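Enquirer: Each chain, letter by letter, is given below.
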Amino acid sequence: MLRLTRLLPWWWPPPAAAFPVKNLGLRKVASGVSSPGSASPRALNIFDRDLKRKQKNWAARQPEPMKFDYLKEEVGSRIADRVYDVARDFPLALDVGCGRGYIAQHLNKETVGKFFQTDIAENALKNILETEIPTVSVLADEEFLPFRENTFDLVVSSLSLHWVNDLPRALEQIHYVLKPDGVFIGAMFGGDTLYELRCSLQLAETEREGGFSPHISPFTAVSDLGHLLGRAGFTTLTVDTDEIQVNYPGMFELMEDLQGMGESNCAWNRKALLHRDTMLAAAAVYGEMYRNEDGSVPATYQIYYMIGWKYHDSQARPAERGSATVSFGELGKINDLMSQGKKSQ
Amino acid sequence: MSGNGAVWGRVRSRLRAFPERLAACGAEAAAYGRCVQASTAPGGRLRKDLCAQEFEALRSCFAAAAKKTLTGGR
Numbered sequence: 001m002l003r004l005t006r007l008l009p010w011w012w013p014p015p016a017a018a019f020p021v022k023n024l025g026l027r028k029v030a031s032g033v034s035s036p037g038s039a040s041p042r043a044l045n046i047f048d049r050d051l052k053r054k055q056k057n058w059a060a061r062q063p064e065p066m067k068f069d070y071l072k073e074e075v076g077s078r079i080a081d082r083v084y085d086v087a088r089d090f091p092l093a094l095d096v097g098c099g100r101g102y103i104a105q106h107l108n109k110e111t112v113g114k115f116f117q118t119d120i121a122e123n124a125l126k127n128i129l130e131t132e133i134p135t136v137s138v139l140a141d142e143e144f145l146p147f148r149e150n151t152f153d154l155v156v157s158s159l160s161l162h163w164v165n166d167l168p169r170a171l172e173q174i175h176y177v178l179k180p181d182g183v184f185i186g187a188m189f190g191g192d193t194l195y196e197l198r199c200s201l202q203l204a205e206t207e208r209e210g211g212f213s214p215h216i217s218p219f220t221a222v223s224d225l226g227h228l229l230g231r232a233g234f235t236t237l238t239v240d241t242d243e244i245q246v247n248y249p250g251m252f253e254l255m256e257d258l259q260g261m262g263e264s265n266c267a268w269n270r271k272a273l274l275h276r277d278t279m280l281a282a283a284a285v286y287g288e289m290y291r292n293e294d295g296s297v298p299a300t301y302q303i304y305y306m307i308g309w310k311y312h313d314s315q316a317r318p319a320e321r322g323s324a325t326v327s328f329g330e331l332g333k334i335n336d337l338m339s340q341g342k343k344s345q
Numbered sequence: 001m002s003g004n005g006a007v008w009g010r011v012r013s014r015l016r017a018f019p020e021r022l023a024a025c026g027a028e029a030a031a032y033g034r035c036v037q038a039s040t041a042p043g044g045r046l047r048k049d050l051c052a053q054e055f056e057a058l059r060s061c062f063a064a065a066a067k068k069t070l071t072g073g074r
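Those sequence lines, one after another, are chains A and B. Once you know that position 266 of the first sequence is 266 in my numbering, the rest is easy, because the numbers rise by one and skip nothing. Once you know that position 28 of the second sequence is 28 in my numbering, the rest is easy, because the numbers rise by one and skip nothing.
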């Protein structure tokens, strides 16, 4: 979400396009599978996916990746809670944009039989977290899932869809690989995420430089999310939001943590340089405007959790119009009605 | 372009010293922050260099803190 300065990192120059596929237990699957529906004319190109892969690889290669995992761990455990809430077992599950596999470590063998974990960063897959479920790591982009139709009983995605260029297409792909009566449980960052940082940078840049450019990536609004899921073909949608507030000593620590999480800005329209003066000014504004009593500054992460099902005949459907047998006006006599109904059954 | 990340490491270590120096200039930072925040009130308009004075005070305090850590620290 934030790029500090344009410094060429240690892995420059980037690996050539045809780098050798090492057999490290990872299956690199070609993504030339025919996708459902043609390439959408509405496809946007907001994010540099190549750069995002490099950033995630860099973050996964840090000496202490656990230091920056707190947010993803928390959201991963909340998604696992939602998986447990569904009264079903899932023989085959997929994790889209898994990172180091934050969801799998909270699930058990009875709920999920086999777990496919995909991510665009191979370093993250190499450092996958321990889990008792048998897993297969696949290097794949969220928008080009290399799986057949009707494969998975469960698809989960935790905090990776906000870097996808064509979100409608990614959701359609997820819908495609789901079996009928399969469920998709996902979590995405929402509109209010990091609003303190966004405002501070905006104000400081305006005051220091006379104008401002976006440093925080754009997020999907919750209403749009419902429409997108519906358009992708999901039924019985549930979208709920959650806010996690994390306190940091100051703005610089927040930015360092964001980079350590692999959440640096990769939008094409990002400004390459953030002046030190502007950073200093933004840190001062952030501290003054949003400071807690103990001197720390909060950062808000708004998470949208979404649950969508793939249609199956067995799923409950709304009743036909005019098929009601009792009227709402008789609600006061509900006990009698219910005992009547039991007698007739 | 260094392959071992020497430049990046040097710049990043300089950046890591920022929070400490900022903490040493709490009063100036608060004054600058208040000035900017005041412009966000209804009727205020934030222009370039609206709070230039406060920022200059902050920057000189910051530079002084940097000099102190350079000469005193290492």
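If you are wondering where the hints come from, they were derived from the structure by calculation, not from laboratory data. Heads up, some of the hints might be wrong.
[Stated by the list, open to error] Computed Cβ-Cβ distance ranges for the label pairs, DEER-style:
#1 B:Gly9 x A:Glu132: 33 to 41 Å
#2 A:Leu237 x B:Gly26: 19 to 27 Å
#3 A:Glu243 x B:Gly43: 28 to 36 Å
If you're wondering where the values come from, they're calculated on a predicted model, not measured in any experiment. Each residue gets a CB set at the ideal place from its N, CA and C atoms; glycine is no exception.
Enquirer: Note whether the CB distance of B:Gly9 and A:Glu132 lies within 33 to 41 Å or breaks it.
Expert: The hinted range 33 to 41 Å holds for B:Gly9 and A:Glu132, with Cβ atoms some 39 Å apart.
Enquirer: Within 28 to 36 Å: is that where the Cβ-Cβ distance between A:Glu243 and B:Gly43 falls?
Expert: holds, 31 Å
Enquirer: Holds or violated: the 19 to 27 Å window for the beta-carbon distance between A:Leu237 and B:Gly26?
Expert: Roughly 48 Å apart at Cβ, these two residues miss the hinted range, so it is violated.
Of the hints listed earlier, the one the structure fails to meet is number 2.
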